[in-house]
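*Asks:* From first to last, the protein sequence lines stand for chains H and B. Numbered by numbering that gives the first Met the number 0, the letters in the first sequence go through residues 0 to 271 in order. Numbered by numbering that gives the first Met the number 0, the letters in the second sequence go through residues 0 to 271 in order.
None of these hints come from the bench; they were simulated from the model. Values in this document were obtained by computation on a predicted structure and should not be read as measured data. For glycine and all other residues, C-beta sits at the position ideal for the given N, C-alpha and C. You may find that some hints are simply not true.
[What the hints assert, rightly or not] Simulated coverage check for chain B against chain H, where a stretch passes if three residues somewhere in it have a Cβ under 8 Å from a Cβ of chain H:
#1 15-25
#2 32-40
#3 131-141
#4 216-227
There are 2 protein chains.
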Amino acid sequence: MNNVWVDGVAQASIPASDRGLAYGDGLFETIRVSGGKTTMSVYHWQRLQHGCQRLGIALNLSQLRDEVAAFLQTSAVGSGILKVIVTRGSGGRGYNPQGCCSPRRILSIHPLPERKPDPGFVGARVKMCRLRLGRSALAGLKHLNRLEQVLARDEWQGDYYHEGLLSNDNGHLIEGTMSNLFVVSRPGELITPDLSFCGVAGVCREFIIDLAHSRGLTVREQPVLPTLDVAEVFLCNSVNGVWPVVECEQRVWPVGPVTTFIRDCVLEKLHG
Amino acid sequence: MNNVWVDGVAQASIPASDRGLAYGDGLFETIRVSGGKTTMSVYHWQRLQHGCQRLGIALNLSQLRDEVAAFLQTSAVGSGILKVIVTRGSGGRGYNPQGCCSPRRILSIHPLPERKPDPGFVGARVKMCRLRLGRSALAGLKHLNRLEQVLARDEWQGDYYHEGLLSNDNGHLIEGTMSNLFVVSRPGELITPDLSFCGVAGVCREFIIDLAHSRGLTVREQPVLPTLDVAEVFLCNSVNGVWPVVECEQRVWPVGPVTTFIRDCVLEKLHG
């Protein structure tokens, strides 16, 4: 990471006493930057604020947004990924977070991942991961406790697969390692897994739910079976946009019309 | 933290790119130091090595142990707590840990916590936490994903309670926020919760299981009901030793003979 700010200052290191390191006591956002500006930022800041409230981290969001604006101006990056980490800071005693009131902000900029050909157009090949996501009191949050994702992502190597799908203890599909899952069950109806008990409530997922509602599509949050006996399947995140799934464990799908429509709307949003 | 080494060098900061910060991608040990030496170290190194194997972190344990010895010598601390954090280091791409082969070692020394009167002798008052521990693929490991413990510990303030007890989704007791749980169900028989699906397999817990076997006591790893309808209850960790539980949600227990015996054996071990 060449360009890093910690608490508003250009600096590539953090105190070893940070609770983000000690306990994963914090949250993050991975934001696509286009034309020097953050995209889907309303959704990102809303989720971050919600997460801070849930964890009891007293983030000053307006200060953070000012820092992000100054950071992007200084970085002079047109396109890229902005990573924002907010930790509870240093302090407290053991696990006890009480008395720890100075959240730390860590901003860094990274190149956009490139895959050629672009899975957003030719489609993504996906595998089923063995790791099962645990039921968590912190479901939905994009917190720093991400070992499940690390281990799931380690289940395959090489370029053949673009993403891995994760299930819960009941065998229901929940999400990809770095993306959310939608299926088109019948014309005009999207289903995405309910994330009340595990999974990360992605920003792009929220955008798509709002988009669908505004276009008269139905969205149901309900269990998705691994048989994936549906017309279309797609994955989404706020960096890559929408990836139509064209292959998963011997099943194949075309890049369907609903997916194409949503992909293009998301792409427009991500291009700022 | 005044005294910190990172990768064998005195230094109080780590790169902001560390995966321990980004994802909690690492493990830790909290080791009691007595007479300038680590205690229960065979158990600590064994658990750390097992955890590294499970996470695929290529730790050089013998290098780490040399660093710890040099660190303690330099620190010249007689009694205290040594915290050892091992992360996967910097690198990899997103969650993908592949190609990230230089684990980072972070050593720090802290004063022993002091509570007067000592709950090890007068007993501990314990509350039931609301937070339920999720079933996890990483059960048993002392990894850096510890938000559950942070939130559980935040459920009470002040000095009245010494510890909080955590249950799983079925309502079975699993552990304390920073300790493991044992109950004496009948003379000569200890029960401690099975940690196959959640919880941290504490070093002191392992020591007590071995101790009990060597003294002809039975130890069963099986569900413990929250009614705690048992003769004795105690908590343990490798810093505080054994705390007899004397009060939990309107129930009271004396400091019983089995607990006292085990507490004294553990204390002897922790005094080096």
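*Asks:* Run every hint past the structure and note whether it holds.
*Replies:* Checked hints:
no.	hint	in the structure
1	15-25	holds (count 10)
2	32-40	violated (count 0)
3	131-141	holds (count 6)
4	216-227	violated (count 0)
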